[in-house]
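Please assemble the complex out of the two chains, which come individually in their own frames, going by the hints.
Chains as they are written, first to last, in the numbering used here: chain S, 133 to 246; chain F, -12 to 100.
Calculated directly from the structure, the hints in this document are not laboratory data. Hints are supplied without guarantee of correctness; some may be wrong.
Derived contacts from chain F toward chain S, CB cut-off under 7 Å, selection only [stated by the list, open to error]:
id	residue
1	LEU21
2	ALA29
3	PRO30
4	PHE32
5	THR85
These numbers were taken from a predicted model, which means no experiment stands behind them. Here a beta-carbon is modelled for each residue, glycine too, at the ideal position from N, C-alpha and C.
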Amino acid sequence: NAGVTQTPKFQVLKTGQSMTLQCAQDMNHNSMYWYRQDPGMGLRLIYYSASEGTTDKGEVPNGYNVSRLNKREFSLRLESAAPSQTSVYFCASSPHSLEGTGYTFGSGTRLTVV
Amino acid sequence: EDKVVQSPLSLVVHEGDTVTLNCSYEVTNFRSLLWYKQEKKAPTFLFMLTSSGIEKKSGRLSSILDKKELFSILNITATQTGDSAIYLCAVEGRTSGTYKYIFGTGTRLKVLA
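Here chain F stands alone, though its shape is the one from the complex (with noise of 0.2 Å):
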């Protein structure tokens, strides 16, 4: 059975720490791996992941994947308010000829001023 784990579920520091959030993954004929951050309403994307150990990168936050452990990490430093969201991760595989994002539950980031 196809399934996506993020660790930890949830998660509280001050701002300026760095941040490692993880997700891990066992899916059929992986394609590719997303990040987004959702505060109130939807999700918005942050990265896509589709290459092993080429890191993607934007402002403070960072991505990396490794399809060999099959697990993805995202990193988040000089952590501000702003980023407390939860950070949810899909993993697209194929079954039955479509492919569709399988999503994990989440990280809950609370950043503390």
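In isolation and in its complexed conformation, chain S is listed as follows (with noise of 0.2 Å):
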């Protein structure tokens, strides 16, 4: 099925670790975002890159990293865990910054920081 794909779905990392989100869209889409979701915080913007060859620091960039590899994949490095990453994380694409179309969202990663 078409869509937006991330692995892992769930990862428990210690404090210090290291770790890469993966994602990946098949819908031929120009732009993608990663989010975090908390707990009454909503959705809050990570980095994004609105085209290929090309990434922006969101909301809340401390503590991560991104790799636009080609127009599928959509990288989230976090190269020193802390507690405070603990999270949900969304991947979500579009076809175009510049078209208001919505975004289409992977099923969210669940990352657990101990």
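Right under this line is the structure:
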């Protein structure tokens, strides 16, 4: 089925460990996004990529890095995980950041940092 | 600072009731407002609103936008237990040359049988 695929679905890390969250879309969308969702905080934008080859910081970029590997894939890396990064992470895509068509979301990654 | 505020934060109703969810916003260079329904996993798209006063409708759900007063409402009539979810409002604005969506914190709706 066409859509946005995120891996892994669940992950537990120890403080200081690193990991990469993977995201891939097969809808030929130009723009991709990483959000985190915390209780009472809503969805907050971490990083986004308006088009292949570009990435920009969102609202809460500290502690994260991203790579837009190609048009399909947009990964999020935690270099040294902290308990404050415990959250549910969503990847999303849209045809183009300049077209108001809404997002398609992945199913999310639940990350716990202990 | 751009912001999106949803109210109420949570709501408990009985099946058959009608509910109205609110979303107010302050966003630079507004372009669109979206409503999403989030059950256990990813948000799923409900409506996109770009023009004031034009109601979007899908079954028992409807939504309308007021660009003068900067708010939108989502109505659900004859609620069912399957409507229990978090309803998210997202507003699209443009800063630094790029459009992005800002999300509200959501309204958690619980419909009791």
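We went through each hint and held it up to the structure:
1. With a cut of 7 Å, the hint placing LEU21 of chain F at the interface with chain S holds, because the nearest CB-to-CB distance is about 5 Å.
2. With its C-beta approaching chain S no nearer than about 4 Å, ALA29 of chain F sits inside the 7 Å limit, and its interface hint holds.
3. Because the closest C-beta pair between PRO30 of chain F and chain S is about 5 Å apart, less than 7 Å, the hint holds.
4. At its closest, the beta carbon of PHE32 of chain F sits 5 Å from a beta carbon of chain S; the interface hint therefore holds under the 7 Å criterion.
5. This hint holds: THR85 of chain F has a C-beta 5 Å from the nearest C-beta of chain S, less than the 7 Å allowed.
Violated hints for the displayed structure: none, as all numbered hints are satisfied.
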